[in-house]
Amino acid sequence: MKTENLIAALAADKRKALSPRRALAIALAASVAAACALFFMLLGPRPDFMPAMHTMRFDFKFVAALALAASAAAASARLMRPEGGHPLMVLFAAPALLAIAMALELIAVPASEWGSRLVGHNAVLCMTFIPILSFAPLALVLWALRHGATQTPALTGAVAGLVAGGVGALFYAAHCFDDSPLFVAVWYTIAVAFMAGLGALLGSRLLRW
Amino acid sequence: MSGANHSEGPASGQEAEFASWMRAGLDGDGAAYGRLLEALVPRLRAFARGGLARTGLGNADVEDVVQEILLAVHVKRGTWMRDAAFLPWLNAIARHKLIDVLRRRGRRGETPIDDVAHVLPDDAPAPETAPAELARLVGRLGGRQGQVVAAISLEEASIKDVAQRFAMSEGAVRVTLHRGLRKLASLYREPNG
Chain H
0 MKTENLIAAL
10 AADKRKALSP
20 RRALAIALAA
30 SVAAACALFF
40 MLLGPRPDFM
50 PAMHTMRFDF
60 KFVAALALAA
70 SAAAASARLM
80 RPEGGHPLMV
90 LFAAPALLAI
100 AMALELIAVP
110 ASEWGSRLVG
120 HNAVLCMTFI
130 PILSFAPLAL
140 VLWALRHGAT
150 QTPALTGAVA
160 GLVAGGVGAL
170 FYAAHCFDDS
180 PLFVAVWYTI
190 AVAFMAGLGA
200 LLGSRLLRW
Chain A
0 MSGANHSEGP
10 ASGQEAEFAS
20 WMRAGLDGDG
30 AAYGRLLEAL
40 VPRLRAFARG
50 GLARTGLGNA
60 DVEDVVQEIL
70 LAVHVKRGTW
80 MRDAAFLPWL
90 NAIARHKLID
100 VLRRRGRRGE
110 TPIDDVAHVL
120 PDDAPAPETA
130 PAELARLVGR
140 LGGRQGQVVA
150 AISLEEASIK
160 DVAQRFAMSE
170 GAVRVTLHRG
180 LRKLASLYRE
190 PNG
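Chain order of the listed sequences is H and A.
Per numbering that gives the first Met the number 0, the very first residue in the first sequence carries number 0; after that it's consecutive.
Per numbering that gives the first Met the number 0, the very first residue in the second sequence carries number 0; after that it's consecutive.
Keep in mind the hints are simulated off the structure, nothing from the lab.
Quantities reported herein were computed from a predicted structural model and do not represent experimental measurements.
We treat Cβ as the ideally placed atom computed from N, Cα and C, and that holds for glycine.
Hints should not be assumed to be uniformly reliable.
[Unchecked claim] If you want the footprint, here are the derived chain H segments under chain A, 3+ residues with CB under 8 Å: (1) 2-13; (2) 77-85; (3) 137-148.
Produce the complete structure using the sequences and hints provided.
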């Protein structure tokens with residue numbers, strides 16, 4: 000086929016495709032809705048949710064999860080543009096917050112309690128339910144990123160996993176009784192890292208173009 | 000050609016024109032969009048020829064690579080931000096596709112690749128014989144998609160003509176063309192594609 004014939008066909012296709020940015024916005028909104036629905040079906044907030052809201056450690060979990068989801072979403076929006084580069088500095092936001100909170104916890108709590116706070120009550124539940132709440136968000140964000148044109152499918156998939164893990168953690172945090180930043184830094188991080196790995200694996204297949 | 004702007008190259012004068020045609024194209028102006036794609040072809044030819052020659056693959060399939068890049072530009076046009084520069088975006092798409100082509104041909108090495116914005120447009124005429132790869136992929140599309148894409152490209156039939164010929168609504172023809180072109184762009188990457 001001659002190139003001029005191809006161009007005739009391309010110029011005749013005037014259907015607007017969904018813009019990648021809009022696809023990402025839709026995916027984020029749907030992710031929150033999906034994780035929220037599943038959260039209320041499977042877990043629900045802990046009984047002392049309202050009084051717990053007055054404690055800094057409980058609130059911090061939401062701040063960290065939100066920082067993770069938002070920063071990874073911002074990085075995704077750049078990574079999905081072919082000329083967007085690798086804007087990964089923003090991804091240090093959540094780890095930096097977590098590091099500060101851990102340092103404060105180590106100062107505030109006697110060394111004898113560090114171990115029990117780190118181990119917490121229900122690490123297995125945490126590592127099970129954060130991924131369960133994150134699968135639908137990961138699928139939605141990957142769907143949105145397929146509208147983009149990333150140069151780095153595995154990396155972009157991993158960042159999608161961070162978005163999903165952040166959304167999952169945001170809801171799981173409302174159920175979880177372990178509020179110490181030491182617990183969050185270990186078990187939440189393992190769960191989120193699992194989602195990032197899964198995202199990288201799926202992204203390296205699904206985000207090629 | 001003066002000034003400190005590092006993006007300044009042989010194409011810098013065309014940047015504004017390309018961007019305005021692209022904006023018009025995204026708003027549904029097929030004529031402006033066709034003009035843009037035609038204007039890109041000499042540049043993409045020089046780009047593809049440079050990349051293939053440097054890896055020792057010769058010139059035989061330059062036009063195939065140009066066509067694959069054009070399809071990628073089309074399918075991914077939504078990733079261009081209206082307020083962003085056009086040529087860096089085009090360069091990213093073209094490089095991505097050229098690297099893909101070289102990989103499929105088994106050349107994984109570090110090949111220096113030109114910047115599309117800085118190549119001198121190739122004013123050699125289009126090859127006399129039409130390249131074969133795209134026609135083969137349209138054949139693989141098959142069904143209504145293959146028929147619609149072939150009619151609109153090879154015969155330059157209008158959407159209206161095609162709708163009458165296949166007893167479809169014009170809307171259905173548009174959807175079929177749109178999906179067919181997307182599928183076509185992805186067929187390049189399939190094994191035995």
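Taking the earlier hints as the rules, which of them does this structure contradict? The structure conflicts with no hint, since it agrees with every one listed earlier.
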